[in-house]
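Visitor: Model the placement of chain B on the given structure of chain A, informed by the hints.
Each chain, letter by letter, is given below.
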Amino acid sequence: MPSKIVAGIGLSHVPSVGPVVDRKRENDPAWKPLFDAYIPVRSWLEKLKPDVAIVVYNDHVAEFGFDRYPTFALGAADRYAIADEGFGTRPLPEVPGDAEFSIHLCEELVNQEFDLTVCQEMGVEHGFLVPMNLCFPHTPSGWPVRSVPLQVNVVQHPLPTARRCYRLGQALRQAVESYPGDLRVVVMGTGGMSHQLQGKRFGFMSEKFDHWFLNEIEKNPESLAQISHHRIMEEAGAEAVELIMWLTMRGALSKNAKRLHRHYYAPMTTGMGLITFEE
Amino acid sequence: MRQIPDTSIFDLRLSRRGLRLNKMCTALCSPAEREAFKRDEEAFMTRFSLTDNEKDLVRKRNFKGLIEAGMNIYAMLKIGSATGNSLYRMGAQMRGESYEQFLATRNIKGAV
Chain A
22 MPSKIVAGIG LSHVPSVGPV VDRKRENDPA WKPLFDAYIP VRSWLEKLKP DVAIVVYNDH
82 VAEFGFDRYP TFALGAADRY AIADEGFGTR PLPEVPGDAE FSIHLCEELV NQEFDLTVCQ
142 EMGVEHGFLV PMNLCFPHTP SGWPVRSVPL QVNVVQHPLP TARRCYRLGQ ALRQAVESYP
202 GDLRVVVMGT GGMSHQLQGK RFGFMSEKFD HWFLNEIEKN PESLAQISHH RIMEEAGAEA
262 VELIMWLTMR GALSKNAKRL HRHYYAPMTT GMGLITFEE
Chain B
984 MRQIPDTSIF DLRLSRRGLR LNKMCTALCS PAEREAFKRD EEAFMTRFSL TDNEKDLVRK
1044 RNFKGLIEAG MNIYAMLKIG SATGNSLYRM GAQMRGESYE QFLATRNIKG AV
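First to last, the protein sequences are chains A and B.
Residue numbers for the first sequence follow the working numbering, beginning at 22 and rising by one.
Residue numbers for the second sequence follow the working numbering, beginning at 984 and rising by one.
Accuracy of the hints is not assured; some may be wrong.
[Stated by the list, open to error] With a straight-line cut-off of 35 Å between C-alpha atoms, the simulated DSBU-like cross-links for lysine-lysine are:
hint : chain 1 : residue 1 : chain 2 : residue 2
1    : B       : K1047     : A       : K53
2    : B       : K1038     : A       : K221
3    : B       : K1047     : A       : K229
4    : A       : K221      : B       : K1043
5    : B       : K1092     : B       : K1043
6    : A       : K221      : B       : K1092
No wet-lab data here; the hints were simulated from the structure.
All values reported here derive from a predicted model rather than from experimental measurement.
Chain A with its partners taken away, still in its complex shape (with noise of 0.2 Å):
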């Protein structure tokens, strides 16, 4: 049997959720209504039992440093180990993932013009960590999920374009699609939304331009996908441009995917926001 994307997320990956889920602080009022949006996502996702989760994430000079930078790296390994980002490593299970099925990702990719970076050794860190956390939380024997890692370079210009990160999407659906493995897939798209970390601006947030890019992402992706980095940055925040991320995951689902959960919550620096689809 083929395998198939059963679902799609957009979803923010800011940092501090980290030690918040580690020292169990997700009742804490200024963090409850994060964790509160999340509580019908697992449930559904519970439900929905997905094999593996395919998450488009950008490393933060954890594992990649700027002596040589990946546009396009992708995960090929059946474990991948917590990375420590410079604050210690974090308390939680190593990641499994299922080499077969990236490896064929890899081969349907490159076929499909998309000139990836292999690992075949690799960590994870926050962009990766905080939306597992989020939405397949771990237990004592591990994480429910295997996992593909796809890191995209978001933070050292040039970035690929939206519309490369669109079709990124486009040509993962048809890699999924051609595993014989009869796998039920996740794709997860990270990052964002508004914020910017450096400079005078930073701390700028932007929540119109935020609403606005969940009303696009849902029904209009093929022209968000036109959009230029400088009008993100513009608009939402230097650092903001991860959204393109999202927009992998919008291309690797159907135009019509039902739009499930929307939320958002904007407490310090950054916009978190949160969409989900079923195919």
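Guide: The following block gives chain B in isolation, referenced to the frame of chain A:
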């Protein structure tokens, strides 16, 4: 790319300028290197061939200056952590505000 006011765009020219600084910060992803940094910051900076100006920016914890010298914000978080400066403290400095002034501008300041 067109400039955006009060914003640094981390492109290849800036990344090239900041390569020494960023390599030093990246090393801080190892516990042993964090210890080495805390034990002898001067020796650590010399090992990564920082220029006198770069060393001075680190000594003064001049985060605005470090960004302008090509330090990437995510690399800076690591040196911030090693020197007891959270993202929000560094951010307040870059805005030219005290930490308390900065917190007062936030929607829910308990979410740290």
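Visitor: Are any of the numbered hints broken by this structure? If so, which, sorted upward?
Guide: Those not satisfied: there are none.
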